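Just so you know, the protein sequences line up as chains A and B, in that order. Per the numbering used here, the first sequence starts with residue 1, numbered consecutively. Per the numbering used here, the second sequence starts with residue 1, numbered consecutively.
Worth double-checking, as some hints may not be accurate.
Just so you have them, the derived chain B footprint on chain A, three or more residues with Cβ under 8 Å [as the list claims (entries may be wrong)]: (1) 11 to 21; (2) 28 to 37; (3) 86 to 94; (4) 123 to 129; (5) 197 to 207.
The set of hints was computed from the structure by calculation and includes no laboratory data. Please read these numbers as outputs of a predicted model, since none were measured by experiment. For glycine and all other residues, C-beta sits at the position ideal for the given N, C-alpha and C.
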Amino acid sequence: MEIESKLLTIGQAAEIIGVSIQTLRRWDNSGKLHSVRKKKTGNRYYQRDGIDEFIRSNSKDLFSLAKVWVTSKSEVELSSTLYCKDSSVFQARLSRLEKDLGEIQRLKETYPLISAIAGEIGNNSFDHNLGNWPDMPGTFFAYNLSKGEIILTDRGQGVLTTLKKARPKLSTHQDALRVAFTEIISGRAPEYRGNGLKFVRNVIATNKISLFFQTGNAQLKIAENSSDLKIGKSNIYLRGCLVLIKF
Amino acid sequence: MIIYLKKFGTTLNSRQFGRESFAAFNPSLQDIKKDEDIIVDFEGVITFTPSWGDEFLNPLFSRFGKRLVLKNTKNPSVQASLKMLEKIYKGNFKIQN
Numbered sequence: 001m002e003i004e005s006k007l008l009t010i011g012q013a014a015e016i017i018g019v020s021i022q023t024l025r026r027w028d029n030s031g032k033l034h035s036v037r038k039k040k041t042g043n044r045y046y047q048r049d050g051i052d053e054f055i056r057s058n059s060k061d062l063f064s065l066a067k068v069w070v071t072s073k074s075e076v077e078l079s080s081t082l083y084c085k086d087s088s089v090f091q092a093r094l095s096r097l098e099k100d101l102g103e104i105q106r107l108k109e110t111y112p113l114i115s116a117i118a119g120e121i122g123n124n125s126f127d128h129n130l131g132n133w134p135d136m137p138g139t140f141f142a143y144n145l146s147k148g149e150i151i152l153t154d155r156g157q158g159v160l161t162t163l164k165k166a167r168p169k170l171s172t173h174q175d176a177l178r179v180a181f182t183e184i185i186s187g188r189a190p191e192y193r194g195n196g197l198k199f200v201r202n203v204i205a206t207n208k209i210s211l212f213f214q215t216g217n218a219q220l221k222i223a224e225n226s227s228d229l230k231i232g233k234s235n236i237y238l239r240g241c242l243v244l245i246k247f
Numbered sequence: 001m002i003i004y005l006k007k008f009g010t011t012l013n014s015r016q017f018g019r020e021s022f023a024a025f026n027p028s029l030q031d032i033k034k035d036e037d038i039i040v041d042f043e044g045v046i047t048f049t050p051s052w053g054d055e056f057l058n059p060l061f062s063r064f065g066k067r068l069v070l071k072n073t074k075n076p077s078v079q080a081s082l083k084m085l086e087k088i089y090k091g092n093f094k095i096q097n
């Protein structure tokens with residue numbers, strides 16, 4: 001009974017991993033990801049733990065997973081290994097990231113900066129959406145140290161909606177991103193005191209770290225050792241934020 | 001008076017945590033003497049962000065000004081965050097290393 005309650009249908013497993021049901025059937029036949037069947041020819045089910053483990057060990061495409069999660073129209077359940085439902089979970093996982101980064105020789109001098117910018121971006125999600133999450137609260141937070149990347153994503157209100165409280169005249173996602181990364185908001189202005197993204201930009205300007213940031217239909221890129229913002233338009237709209245830090 | 005930040009943790013991130021940390025420490029400030037310096041010691045801190053820093057340091061900076069002294073600030077995230085806060089506050093911290 002206990003085991004059965006943890007079984008996912010093939011549809012649920014497909015949504016969590018971010019692939020189609022057909023792909024899961026193919027993976028089952030090829031042995032890449034085995035299903036569980038209650039009867040020999042019955043429906044395919046999946047153990048929740050097995051799916052989590054599969055995601056962890058196939059983390060080469062974390063960014064795609066994050067993109068699927070943030071762009072899906074309705075809430076998609078997310079593996080607990082990728083999901084921080086509140087800021088205390090995020091804080092604990094940030095400490096873990098800090099420890100893991102600290103063990104990488106080439107990052108000996110700079111790893112506190114990487115965890116600091118991840119911390120600022122992740123906490124923006126919680127600080128600016130507290131009590132106002134449009135649907136699923138929390139962040140997708142994952143990293144692949146061998147690829148040198150950190151992915152942070154939320155299904156929140158996005159930068160434009162948040163910034164409009166302080167700058168009502170802002171009308172496009174592109175402008176909102178530019179303001180968020182360039183203009184210092186007064187230290188004690190009411191409602192909005194987010195200067196975290198300016199900090200992120202300053203850190204990237206003098207370090208081997210690059211950034212991709214999408215909110216709404218606006219995409220921003222900052223190359224390593226640069227403070228130049230390349231802001232463009234995406235064909236895909238997403239309400240919250242999708243961020244990739246590379247180091 | 002010396003405030004050892006590592007007593008709050010090595011990952012000092014987020015406004016909420018910064019606010020909670022300051023609120024926890026605030027009662028101790030009642031014991032401060034009139035001309036005494038407030039020394040904030042960053043030794044042992046690994047990750048330090050402007051959000052946490054703003055919530056903790058801004059009330060101290062506003063109240064004590066040049067009596068606020070920062071120590072052991074060599075960590076790059078501490079350096080970068082302090083630089084950011086100085087820009088926002090339009091003033092410099094007194095740093096003793």
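For each hint, the structure was consulted:
no.: 1; hint: 11 to 21; verdict: violated (count 0)
no.: 2; hint: 28 to 37; verdict: violated (count 0)
no.: 3; hint: 86 to 94; verdict: holds (count 3)
no.: 4; hint: 123 to 129; verdict: holds (count 3)
no.: 5; hint: 197 to 207; verdict: holds (count 4)
Checked against the numbered hints given earlier, the structure breaks hints 1 and 2 and satisfies all the rest.
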